[in-house]
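Residue numbers (the numbering used here), protein chains in the order written: chain A, 171 to 380; chain B, 347 to 629.
For the record, the hints were derived by calculation from the structure and aren't laboratory data.
Every residue gets a Cβ at the ideal spot worked out from N, C-alpha and C, and that includes glycine.
Errors might be hidden in some of the hints.
From the derived model, a few chain B residues whose C-beta atoms are all more than 12 Å from chain A [stated by the list, open to error]:
| id | residue |
| --- | --- |
| 1 | L353 |
| 2 | T362 |
| 3 | G371 |
| 4 | L377 |
| 5 | R385 |
| 6 | P386 |
| 7 | V398 |
| 8 | L425 |
| 9 | L437 |
| 10 | L441 |
| 11 | Y446 |
| 12 | Y448 |
| 13 | M549 |
| 14 | S558 |
| 15 | L583 |
| 16 | A593 |
Derived DEER-like restraints, expressed as beta-carbon distance ranges [to be verified]:
| id | chain 1 | residue 1 | chain 2 | residue 2 | range |
| --- | --- | --- | --- | --- | --- |
| 17 | B | S365 | A | G334 | 42 to 50 Å |
| 18 | B | A542 | A | A256 | 43 to 51 Å |
| 19 | B | W488 | A | N335 | 38 to 46 Å |
| 20 | A | D252 | B | L604 | 51 to 59 Å |
| 21 | A | G334 | B | M347 | 20 to 28 Å |
| 22 | A | L272 | B | P461 | 52 to 60 Å |
| 23 | B | A542 | A | P359 | 36 to 44 Å |
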Amino acid sequence: MMPLRLPLARLRPAALFVLVWSLSLILTGCLGDEENWHGKDISGLMPELEFTLTGTSGNPVTETDSAGQIRLVYFGFTSCPDVCPATLSGLRAAIKQMPDDLQGEVTTLFVSVDPNRDTPERIASYVNFFGQGVVGLTGEEATLRAFTKRYRTTFGYDQPDAEGNYQVSHSAAVYVFDGDGDARLLLRPGLTTEQITEDLTALAAEPAPS
Amino acid sequence: MSAAGYLLPYDFSPLTVFSFAAVLGLYGIALLRMPAADRPGPIRIVTFVLGVMLCYAVMQTRFDYYSQYMFFVHRGQHLILHHLGPILIALSNPLPIARYWYGFAGPGSRRLLAPLGWLYRLLQQPAIAAFLFVGLIFFWLWPPIHFDAMLSRQLYWLMNWSMLLDGLLFWWLILDSRSPAFSNALGYGKRILLLALVAIPQMILGAWIVFSRGMVYDVYEVCGRAWPMPPETDQLLGGLLTWIPPAMMSIVGILIILRRAMHEDGGHSSRQSRQPITEGSAP
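Only chain A is shown next, with the shape it has when bound in the complex:
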């Protein structure tokens, strides 16, 4: 007898295979998480907020300087043509729509990942354009690499053109940490101002943990 057995003679495992396979499609279809937030819930996926970076005054800034506040961390660079200004002004608009008593509980941390061009002074004038609650930060490239790695993100530089201008690839999302420094939400591009306002208001209105 030929050892090469005909597949049809063994229909039973094949039928079982098809059954199990279709079951898998049903199961994976059910795995989508139920979301109460407009942003992506990242509780437990990431370590808590921790950094030592340089502020716009040139002094070191750590996460304890804004402890108790909801921190919105955004990585960008000041020469960024569209994404960074759009995101930062979107955040400012969303915070302005929050109830008056909660607006003061949100701090935006703008981290420049282009320290070669972005001096503290340059970042200061950039973030001032986006309102009071924005803190501009940067650091040595190695420090920034360690900080971005901790939050599973990265940045990269294009080749400079004739004038020395270059593109920087960076995260397009905003990381939201609560007053305890726990990672809570990721605001992906595409959320409306109202949706961001609702998420931030819900987060700010949460009872303080005992």
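Since chain A is already given, all that's left is putting chain B on it; use the hints.
Leaving out everything else, chain B in the frame of chain A:
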């Protein structure tokens, strides 16, 4: 960046480094000590080491950095962890090495290993093995799951290790060097059927990624790319890597099995044709 920067792990995992060192160490010691008759030839040794080193390279060098921040490199990483590396390891047939070390296990440790054996036999049921093989690819590429896996360090390691272990199980089932005529290894027909069956959903998934208009995996948008690259290009390349090479590997696998089956068929029938003569001459 210096050469060491490219060779050192981006995200150092002691468990991973230890596991790979242990596998290579145990393989090397067994090679030196085992009887020459059982020892695999140089081609098999090189194939084994190449397979192991490929898997190590995509997990614990700078390659891992690019896999975390570029979708198409990530697909390349899984192509090696789930296909190419395990295929090379299975083709090198490390069975004599395993048998050598198993020989040292006393009755106590054999009893301890028994549940592992049951689990192994359960996972190597053809339907379960094929389901796991395709299911894991679909599971980790399901957009919400993929998003979480790329954001969480723990999930990321779980993903890569599960792909590697499942790849080893599946390709060992398919490329088991023992002949089904003389052992309980899976029949060649079933092996070919499995290879064809697992290729189809992978091709559908790859094609779906390639032809998707929108961004399916926006996590790479969120996490920043290793270098500025249009997201559509990244997704297109990643989709192609999910679609074409795995299908090609199924075909290569089928060709290898067919060759073995035909080879053995020849040997087997000549043995069969001899049999009636010996039987006939016996009484």
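These are the hints, each one checked on the structure:
| no. | hint | verdict |
| --- | --- | --- |
| 1 | L353 | holds (18 Å) |
| 2 | T362 | holds (17 Å) |
| 3 | G371 | holds (30 Å) |
| 4 | L377 | holds (31 Å) |
| 5 | R385 | holds (28 Å) |
| 6 | P386 | holds (24 Å) |
| 7 | V398 | holds (27 Å) |
| 8 | L425 | holds (21 Å) |
| 9 | L437 | holds (20 Å) |
| 10 | L441 | holds (19 Å) |
| 11 | Y446 | holds (28 Å) |
| 12 | Y448 | holds (27 Å) |
| 13 | M549 | holds (14 Å) |
| 14 | S558 | holds (16 Å) |
| 15 | L583 | holds (16 Å) |
| 16 | A593 | holds (17 Å) |
| 17 | B:S365 to A:G334: 42 to 50 Å | holds (47 Å) |
| 18 | B:A542 to A:A256: 43 to 51 Å | holds (49 Å) |
| 19 | B:W488 to A:N335: 38 to 46 Å | holds (40 Å) |
| 20 | A:D252 to B:L604: 51 to 59 Å | holds (56 Å) |
| 21 | A:G334 to B:M347: 20 to 28 Å | holds (22 Å) |
| 22 | A:L272 to B:P461: 52 to 60 Å | holds (55 Å) |
| 23 | B:A542 to A:P359: 36 to 44 Å | holds (41 Å) |
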